[in-house]
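Those sequence lines, one after another, are chains A and B. Each residue of the first sequence is one higher than the one before, starting from 1 at the first, in the working numbering. Each residue of the second sequence is one higher than the one before, starting from 1001 at the first, in the working numbering.
Heads up, some of the hints might be wrong.
Some, not all, of what chain A presents toward chain B, calculated at C-beta under 7 Å [stated by the list, open to error]:
| hint | residue |
| --- | --- |
| 1 | Phe205 |
| 2 | Met256 |
| 3 | Tyr257 |
| 4 | Glu263 |
| 5 | Thr318 |
No lab work stands behind these hints, which were simulated from the structure alone. Yeah, the Cβ is synthetic: ideal placement off N, Cα and C, and Gly gets one too.
2 protein chains.
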Amino acid sequence: MAQDQKYLENLRHTTAHLLAAAMVKLHPGAKPTIGPTIENGFYYDFDLPKPISEEDLPKIEAEMKTLLKYWNNVEQREVSPEEAMMFSDNPYKLELIEELIKVKEPITVVKTGDFEDLCRGGHAQNPREEIRAFKLLSVAGAYWRGDEKNKMLTRIYGTAFPSQKELDDYLNMLEEAKKRDHRKIGQDLGLYIFSDLVGKGLPLFTAKGATIRRELERFVVDEELKRGYEHVVTPPLAKTDLYRVSGHYPYYKETMYPPMKIEEDELILRPMSCPHHFMLYASKSRSYKELPIKIAELVDLYRYEKSGELSGLTRVRTFCLADSHIFCTPDQAKQVVLEVLELINYANGVLGFVKGKDYTYRLSLGDRTDEKKYYKDEDSWDEAEKILREVLTEANESFYEAKNEAAFYGPKIDVQMKTVRGSEETAFTVQYDFVLPKRFDLKYIDKDSKGKQPVVIHRSSIGAIERTMAFMIEKYAGAFPVWLSPVQVQIIPITDRNIKYGQKVLEQLKNSGIRVELDDRSETMQSKIRDAQIQKIPYMLIIGDREEKEGKVAVRTREGKDLGAMKLEEFIDRIKKDIETKRIELGS
Amino acid sequence: MAQDQKYLENLRHTTAHLLAAAMVKLHPGAKPTIGPTIENGFYYDFDLPKPISEEDLPKIEAEMKTLLKYWNNVEQREVSPEEAMMFSDNPYKLELIEELIKVKEPITVVKTGDFEDLCRGGHAQNPREEIRAFKLLSVAGAYWRGDEKNKMLTRIYGTAFPSQKELDDYLNMLEEAKKRDHRKIGQDLGLYIFSDLVGKGLPLFTAKGATIRRELERFVVDEELKRGYEHVVTPPLAKTDLYRVSGHYPYYKETMYPPMKIEEDELILRPMSCPHHFMLYASKSRSYKELPIKIAELVDLYRYEKSGELSGLTRVRTFCLADSHIFCTPDQAKQVVLEVLELINYANGVLGFVKGKDYTYRLSLGDRTDEKKYYKDEDSWDEAEKILREVLTEANESFYEAKNEAAFYGPKIDVQMKTVRGSEETAFTVQYDFVLPKRFDLKYIDKDSKGKQPVVIHRSSIGAIERTMAFMIEKYAGAFPVWLSPVQVQIIPITDRNIKYGQKVLEQLKNSGIRVELDDRSETMQSKIRDAQIQKIPYMLIIGDREEKEGKVAVRTREGKDLGAMKLEEFIDRIKKDIETKRIELGS
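Chain A extracted, bound-state conformation:
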């Protein structure tokens, strides 16, 4: 970890203590439990005698500021089990202390000002000097130790920075991220809904949301077909036995849906598609001449996520992955991965994701000492890691390495997407697999007529359609490139007498395959324009008497740019170019 990062974490950790000190003071009987730092801030969980809301936060902040004046040092010391009984009125701390005693870890206590807390340390040296800017952000419920069987506690989120400027920048970014939150925009633009009767984490895409999906799906399928992928269609369920052979079951049971008994069989919704594609590969004899064989599919996958972890389109209980499994000889693996990276860079570029800014590559390695988590085969791990590292280097990709992040069957390259909230998420991966081909006894007939085992590269190209949509909604704040916009053109007649001409324009655009709507409501032009802008419709065609007379349309963009009056044909040519070239910005 960088020194700056460590400094920041210490700062935030101490601020969490400061929060606890203020809470204990303001709410007698409040029991602090744990208060760790997290990405971009910290939280602290309390068992409170009565609930609080976000309206209470300013008062707590004020108390923190008052206390901070006296926090000019931090003392950490080890205490005996007996001395630790100073926390005897706090059952949460007692539970933690008991565990420390059990595993024979030292019990340490940190004191700042009058406030003492059970703590492993990692603090600012002089809080009064260093904590120059902090902010409490929100209040939420959280179960003690994340277990829903335990009591629900009150969690307060906050953050701290070494300067007010940095805090302000962060809060601005949060404010901007809130506006771009795909859950908010998704609702504002009517892209998808959730239904209590259908169930949690199961989005229903409206015609508008489904249009974006369809465009994304056709784009990725067509692009992959051009590149020699064979797109197949396999069922999203199989006998549990299939996952016993693959080794996913029962180890991955936690993230799988429960099995269904059908006659003598036990069926299960699939969490991944590799075994299905292996069945297709193995359904006939394969020669080295045919390799690499690239089996691809838009696969519906089912993973069980706890309801507390579900979030908009990012964390759902079923999603559609642009998936592929490439069967190749070990010699071909490097070239195959290289071509996969090319496709990823190309496809993500088309979607407008900029490498280095919106996404980066991470090389995820296994931990050879952890034989439970990783398949044991030193040579294969060496070879696989070397190949992935070489590909990234030779392709001139900038990347970083992460330990203990590999799949159980081999190392992988992760596509790390940067979110509008400033955090990094693994969008999808490219995996080198030398284990599953063995488990399924996959073979190809080599030049010497001998059956040999292929390597399998598991990869996506644009990830899960739902998550990619979420990333894109946030990136574009709903103002999608024209080819993805659910409605590409809004026709706005100035008066009711222009509606008839509007319908003619409508028909002509429809016949050109353009997604268009006519706003024939009895509203003012201004309010129609405003509504179209709120809907982020790329182009508005304003038509009044003059446009009608001249057979023209006055073109306006959603950004409010006036492109002037032009012949309808001219506009059609222009927007068709936007669509065909999948242009990110509107043509000018």
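Following the hints, position chain B against chain A.
Coordinates of chain B only, in the frame set by chain A:
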């Protein structure tokens, strides 16, 4: 039933008795159970002391012919329970007799020649004169009364006709149907596979099969979008509660997959999509101005079929239906159904299905006296049946009516597809639903600002993709129209020195978006042509030295027609026209 049909059934029923008489004679100890007529023939199930195979059939036929000489009349009489004990050594007949006694039905026995059988009657008057042509067709296993807990019996299938000519025609048709069986062609052309590890009734489409699917799916989606349908995407599962509200659960429980418990919810794979689309309709307020709203989707549906009933792509455990629910005012219903029939006729015409020959319409009505099966509402049934009948009449569609075939929520128009085996199957339906909108409390705001209940038309346009593929495979015997052919062009170099030119041709065709393969194996031209013909590839481009020199290709069709040498560009124009116009026959 037509008089001819009744005559034919009697004939076949008597032939079934004749079979039983021969079996008892040839296989002492054989116990006849039941022997009904079925479409195009009959069967008889026997409990046999030792198994028989199809090789035994000629001997049985010979014995039947011998016996037939003495079968010049049929006697039917009622017997007392005591007299019925003549069947005391046959536990199957005894079971049937006991049931007759229980429900107080008469016990009747039919005697022909020396052979007496428990039988309700319906026979030829003079078997010796009337049974002029019969044939035993196959042997299969079948559980007593279709229940797998019972003993497995031996079933012999056969048929009979009033003349040898009719029998021969029928056998020829069967022979032809066998060649066209989609299960055979599907395997020969490598369109899909089944996998024991994946499970029964769950086809995996290869790249070739998936290509046909994709073309069909894009065709139907694009055509529906053009016609104002809103294509959505909804998840293929939901809480069981959704189907409790709809009324499908627990009544349709038999055909549904078992529920899955996820946290506090119970989820179930959906057998139909109406409730999901209702959730989208109900997610916002709807005005009469917006109606009709046509929500459409390619929906994955899951229906539990007994393994014994599974068959190729026709009966599967998951399928993808081109589905839609149209929400309209009662006044609009007629026009809506009219437009649906137009779409069905258009779309099926594009696929090459000829109305009157390949498919017909059936108006399926409810049985008002059956209040268990049909929702009780005399007026609505009257109105709905009237509307569907009027639409069919006004559209000049020829149709027939069938009683007791409606959905529980209203009458429907069935698209009856004629199979290559001469039988008729319901491919898909158009349903008039006045019940579910009430159950889900669907509303639209009418002109008078009051909330009113819409009618829902449930409809498909081309049916389930899997079944439609099965129908098409059989109709075309695998020789699909060019736009649907997985490989549209096979390039066949005459010698190895023409391979390089072949690759150039390959690239050019690929760049034109044509699905093409190059046969660069070291085989003779003749054998390459034969293989391409077996694969039903529409066009072969033969290239030798002369073609290479002149920059031409020699074009041959899969039917063996020689179209001569032409410039590659000329061929590309030609095949592109085949594809764009979705021409059924190859252009000439």
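Going through the hints against the structure:
1. With its C-beta approaching chain B no nearer than about 4 Å, Phe205 (chain A) sits inside the 7 Å limit, and its interface hint holds.
2. Contact between Met256 (chain A) and chain B, as hinted, is not supported at the beta carbon level, the nearest pair being about 10 Å apart and thus beyond 7 Å.
3. Using the Cβ-Cβ criterion of 7 Å, the hint placing Tyr257 (chain A) at the interface with chain B is satisfied: the shortest such distance is roughly 5 Å.
4. Satisfaction of the interface hint for Glu263 (chain A) is found here, the shortest Cβ-Cβ separation to chain B being roughly 6 Å, below the 7 Å cut-off.
5. For the restraint placing Thr318 (chain A) at the interface with chain B, the shortest Cβ-Cβ distance is roughly 5 Å, inside the 7 Å limit, so the hint holds.
Going down the numbered hints, you'll see the structure goes against just number 2.
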